[in-house]
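Student: Going by UniProt numbering, the sequence shown opens with residue 1, and the numbers climb by one from there.
What the hints contain is simulated information worked out from the structure, not anything from laboratory work. Please note that a few of the clues may not be correct.
Straight-line Cα separation of at most 20 Å, PhoX-like style, residue types lysine-lysine; simulated pairs [stated by the list, open to error]: (1) Lys20 x Lys35; (2) Lys22 x Lys41; (3) Lys20 x Lys41; (4) Lys35 x Lys18.
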Amino acid sequence: MASRHEQLDSGGTVLCVKYKDKKDLYLLSTVHEGKVVETGKTDRRTNQPVRKPDVVQHYNSNMNAVDQFDQHLS
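Working from the sequences, and respecting the hints, build out all of it.
Tutor: This is the structure we're talking about:
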């Protein structure tokens, strides 16, 4: 959803993103371009494809691996 995307500013070498879903999420990246991509999911209320900045999508896809690693440490 484009309305969830609040601020995207690429000022050269560092991308700064503030993304609001349930809570505010602030991300800095030197490797992402700030493109908005489809997640492959559909919003239940609007039946529209869910869209997020590429840095948020990358963060979400890698957090599962971090969670699994943390489980093995405990």
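Student: The structure should be examined with respect to each hint, and the outcome stated for every one.
Tutor: Cross-check of the supplied hints:
1. Lys20 x Lys35: holds (16 Å)
2. Lys22 x Lys41: holds (16 Å)
3. Lys20 x Lys41: holds (17 Å)
4. Lys35 x Lys18: At roughly 14 Å apart (the allowed maximum being 20 Å), Lys18 and Lys35 satisfy the hint.
Hint violations for this structure: none, all hints satisfied.
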